[in-house]
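Enquirer: Residues per chain are reported as follows:
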Amino acid sequence: MLTFDHVTKRFGELAAIDDVSFEVKPGVITAVIGPNGAGKSTLVNMAAGSYGVTSGRILVDGVELQKLPKHRIAHAGLSRTYQNIRLFDGMSVVKNLEVALVPPRVGSLIANTFGLSGRAAAEERRARCHAVLDRLGLAAHAERQAGSLAYGQQKLVELARAIVAEPRVLLLDEPAAGLNHGETEQLKQHILALRSPDLAMVLIEHDMKLIMSISDTIVVMNRGQLLAQGTAGEIRSNTEVQEAYLGQPGAIKDIEAAARGRRNRVRLREGEGLTWHQP
Amino acid sequence: MESRARAAAPASGAAAPRKLWPGALAMLAVPVLLLIVGPHLPSYPLRILDMILLYAVLGLGLNIIVGYAGLLDLGYVAFYAIGAYSWALLASGQFDIHLPFALVLLIGASLAGLAGILLGIPVLRLRGDYLAIVTLGFGEIIRVLMNNLDVVTNGPQGIARIDEAHLFGWTLSTPDDFLYLLVAMLVVVFLFVWRIQESALGTALSAVREDQDAARGCGINTTRVKLVAFAFSAFIGGACGVVFAAMQRFVSPESFTFWESLVIVLVIVVGGLGNPFGALLGATLLILLPELLRAYADYRLLFYGMALVVIILARPRGLISRQYGPSWLMRRLGGGKC
Chain V
40 MLTFDHVTKR FGELAAIDDV SFEVKPGVIT AVIGPNGAGK STLVNMAAGS YGVTSGRILV
100 DGVELQKLPK HRIAHAGLSR TYQNIRLFDG MSVVKNLEVA LVPPRVGSLI ANTFGLSGRA
160 AAEERRARCH AVLDRLGLAA HAERQAGSLA YGQQKLVELA RAIVAEPRVL LLDEPAAGLN
220 HGETEQLKQH ILALRSPDLA MVLIEHDMKL IMSISDTIVV MNRGQLLAQG TAGEIRSNTE
280 VQEAYLGQPG AIKDIEAAAR GRRNRVRLRE GEGLTWHQP
Chain C
34 MESRARAAAP ASGAAAPRKL WPGALAMLAV PVLLLIVGPH LPSYPLRILD MILLYAVLGL
94 GLNIIVGYAG LLDLGYVAFY AIGAYSWALL ASGQFDIHLP FALVLLIGAS LAGLAGILLG
154 IPVLRLRGDY LAIVTLGFGE IIRVLMNNLD VVTNGPQGIA RIDEAHLFGW TLSTPDDFLY
214 LLVAMLVVVF LFVWRIQESA LGTALSAVRE DQDAARGCGI NTTRVKLVAF AFSAFIGGAC
274 GVVFAAMQRF VSPESFTFWE SLVIVLVIVV GGLGNPFGAL LGATLLILLP ELLRAYADYR
334 LLFYGMALVV IILARPRGLI SRQYGPSWLM RRLGGGKC
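Chains as they are written, first to last, in this note's numbering: chain V, 40 to 318; chain C, 34 to 371.
Warning: the hint list may mix true and false statements.
Unchecked claim - Below 20 Å or equal to it, Euclidean Cα-Cα: the simulated EDC-like pairs (lysine to aspartate or glutamate) are:
| hint | chain 1 | residue 1 | chain 2 | residue 2 |
| --- | --- | --- | --- | --- |
| 1 | V | 248 | V | 205 |
| 2 | V | 106 | V | 128 |
| 3 | V | 109 | C | 231 |
| 4 | V | 248 | V | 62 |
| 5 | C | 52 | C | 231 |
| 6 | V | 106 | C | 183 |
| 7 | V | 64 | V | 222 |
| 8 | V | 109 | C | 244 |
| 9 | C | 52 | V | 162 |
| 10 | V | 106 | V | 255 |
Claimed, not checked - To list a few chain V residues with every Cβ distance to chain C over 10 Å, as calculated:
| hint | residue |
| --- | --- |
| 11 | 45 |
| 12 | 57 |
| 13 | 218 |
| 14 | 224 |
| 15 | 230 |
| 16 | 245 |
| 17 | 256 |
Don't read these hints as lab results, they were simulated from the structure. C-beta: ideal position from N, C-alpha, C; glycine also.
Just chain C, with the same shape it has in the complex (with noise of 0.2 Å):
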């Protein structure tokens, strides 16, 4: 008994610092200031911003899979657009529905997360390139699907007249609105993985990561636990798609390329696999990059993959590491043991 408690002392001492004020409010400068200083820029910057928050979001969903899990999902943007087409066709002239925005937020989200285990139950018995494939030709199917399915989505003219967005008696309609919304998503979605990342399921995540068989040996489910991976990232990613719907009020399966999935996974490779930090920081890079290499015009792609390839050269891991995440900083700030 007396061994145990003494154990215990180090395990909390290590875990968590001893004072937690100075990380929380490090973290919670980033919000705050994005909240003072946004609504401030001109029209064309702060839709640079809302795009930024955007993809991290969206790169802290598919961390999950790729970054905690390491599952590659080629695939994530089939996600994006079941959110982004829930809003559309939900709140909008095409079938005259219009539902409020928290409700579809709230279904379109549910969908892509039940999609993601559907995808899932089949797909999860493969392993590395064969997954990513298989979820490559699943973003593929979903975006093809929207194409063709003429009636519901009227096909690659897309859906306009899309209905404004109102959230609580809120109006979302110019850029300053969304950024309101995309930091509150942003800050929920982030303690929401963070909150994973620290927890048993995000042990188990890990396991399956480093060696899935080891991980089966010591009793972890590896398909559900894979499952749950997959559904909560998906979750996030349909949530985005909603928010996305709603800002461009127009939806075509143009949005929804396998590009638009490469730059997702690019955002958490090139900012850090497995570190929240790194998908914020990897969003800033990729949505930045290309908007100021737009002065070199047509070597603007040249310059833009250029510069990817220099980060994953100079930092394979990605600019910030997997350790030095979160609950680092909270140590690191609150004087606890690194």
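Just chain V, with the same shape it has in the complex (with noise of 0.2 Å):
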């Protein structure tokens, strides 16, 4: 379970979050949406330690995500995947995903790289790997360099290295961006069938139709702000919603279609400067 106690973040004057506390509970798909600017993405990078929390606790089955250093929050049980893909490009298929698998501690590395118990325990790492890798329909690129891939496999390839490690809690950012139609379909597929008793998923996406068709729970943010927390119904008819997305209340097709306005078509790796802004 992840839990967001009482978490504010300030950028400078800026609160981009403000105070805002919800649960993420395991065997659910908890989606968190909201307008551009709504802090989705600062949520996502403080829970995985990309960004430190100005006040509040983040926690993981109880354990405090902010006292940890950023490597072993992994350890801790969480994975994420990033709004911009972030794979090994240079690396195959199969190894992106070694990486999560990697044995934490320097000494049993160095134990793994000399023989000393270490060939089992590669064996068996690469089998976990070429099982998640099947069960995505990629067993045919595994050894294919990651960066030589389509844009939507890559999409997948991260998705698969974030749950090979088989995390309690997994952070979907944007998953759905830039894929088309029939890939979107596939991706829904994905991760309803990821669906299980052990592990917390939080969806972060702009595609409204794949949020009210898999989320169990919505949970809506606007300028930082928890507006609403609830089923896909209960957003639907939540009339401050639908003000926070269109300025006025109107019917849920419209908030549909404003959402798919908003889609980021443009996609770059962070930090390369271009940023795409709301008309």
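Both chains come to you apart, so use the hints to assemble them.
Expert: Below you can see the structure in the form of structure tokens.
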């Protein structure tokens, strides 16, 4: 279970996240939605340790993530995908997955390297990676260089890398961005298949159709604050949510259209400077 | 369970070749050939061959940091110097200490490895150009230290009267003797770095090279992993330094200038970053080329520089690119899938 407990994040004067509290329960898919700049990505980046929190706590099964160095967060059971794909482009697909299974302790890493109990462990790691690739329909690409795959496949490899270590919390940061209709449908099936009583899933997405069809619970953010939380049906009929998206109460069809219009189709690596602005 | 078994089968099929001997034989041919042909060479070419082997081993060692972890180290010569001065101080008339070669080899390499860790702790938070500049500075500090610590190192005059090396009752004095030693070192270090490349440590280092933040997000303790890389790399550099001092039987700070660091970096950049074969080929080229250009006297460095520029322009990833390493050769010759 992932818990946000009165989390606040300030960048200078701006409160990107303002006293947000909610829980993400295992066994369900929790979507976080909101207009651009609502603070969705900031939430993910804080949970993953990329940003610190200004105040409040983020916990995975009672372990406070902000007290851990970033690499330990993965070992605490939280893994993520990125809004802009961040695969290890020069490595093969299966090696990309193996990175997530590298033994955490340097001692065992060195022992592994020089063949003390290494071979069996390495075989097992490889088998686990191939099992996950199999499951996501990527088996044929296992030995290909990750950077040479098509965009949609790279997105799936990122998902595979995030789940291979069997995390307890999975953060999906816009997994459907840039995917075509067929690929989105396929992704939906994969996400639904991942649902298990041991896994808490957080989905950040602009594709309202996808969100409404697979989320068990939806958290709506607006201007850094938690606006509403509820099932798809409850969110659809929430007038505050409609206002946040459209400036006035309206039908859910319009919300979906507005959200689609916001979808950023230009994908760039972080730090390249170009950002998409809302008209 | 069934799907796991099915998945495991192609896994090992793609990873390991069907037959091991063709690849192993092809790779063994090189040291065997060297051992057969080497001793029949006249003294001058034999000395050059020794230097090629020494730089090949240095290149293999530096490759761990630069090629695998993607951290540009421009001060690798510092570790080499620490090894060389270990032999010069612990087996000479300087302090009248005469330790056996095998012991000093271990001491020198370990001291260099320790220096690698001590250097790594403060500087590994830096990336790219900044790391390169700090390591360059470290290389210079060690050289300046050797130059000015007269009481210990004899300063710019260097240390002469270094002992002849004896290894388990075998005297190392002629270029032939060192050929055997260097070939043995090459084989050991080659297997060592190949093993690193194929292990979980190699996977972690590659991830650090490709995207350090994503690697941390995957649970890699990037600082530790880089420290281990630094230590291993420095250890090999130190061992090379001990052998160098035993071979020359004279050391002075002049042998450890920035130019030396640069040559070692060039060995792996020209040969192919992250590829053990590349280090061998790069060393051969970089040591042989100046010798072949001796006839042009004054224009020698000009031609040397031009040749390097042409190679890098023609093959920006080096002569043998990363993926055509020993594992590729094993698969290629052993009938596995490439």
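Enquirer: A separate judgement is required for each hint: does it hold in the structure or not?
Expert: Here is how each hint holds up against the structure:
| no. | hint | verdict |
| --- | --- | --- |
| 1 | V/248 with V/205 | 28 Å, violated |
| 2 | V/106 with V/128 | 31 Å, violated |
| 3 | V/109 with C/231 | 26 Å, violated |
| 4 | V/248 with V/62 | 23 Å, violated |
| 5 | C/52 with C/231 | 18 Å, holds |
| 6 | V/106 with C/183 | 49 Å, violated |
| 7 | V/64 with V/222 | 27 Å, violated |
| 8 | V/109 with C/244 | 14 Å, holds |
| 9 | C/52 with V/162 | 18 Å, holds |
| 10 | V/106 with V/255 | 30 Å, violated |
| 11 | 45 | 25 Å, holds |
| 12 | 57 | 26 Å, holds |
| 13 | 218 | 20 Å, holds |
| 14 | 224 | 23 Å, holds |
| 15 | 230 | 19 Å, holds |
| 16 | 245 | 22 Å, holds |
| 17 | 256 | 25 Å, holds |
The structure is inconsistent with the numbered hints 1, 2, 3, 4, 6, 7 and 10, although it conforms to all the rest.
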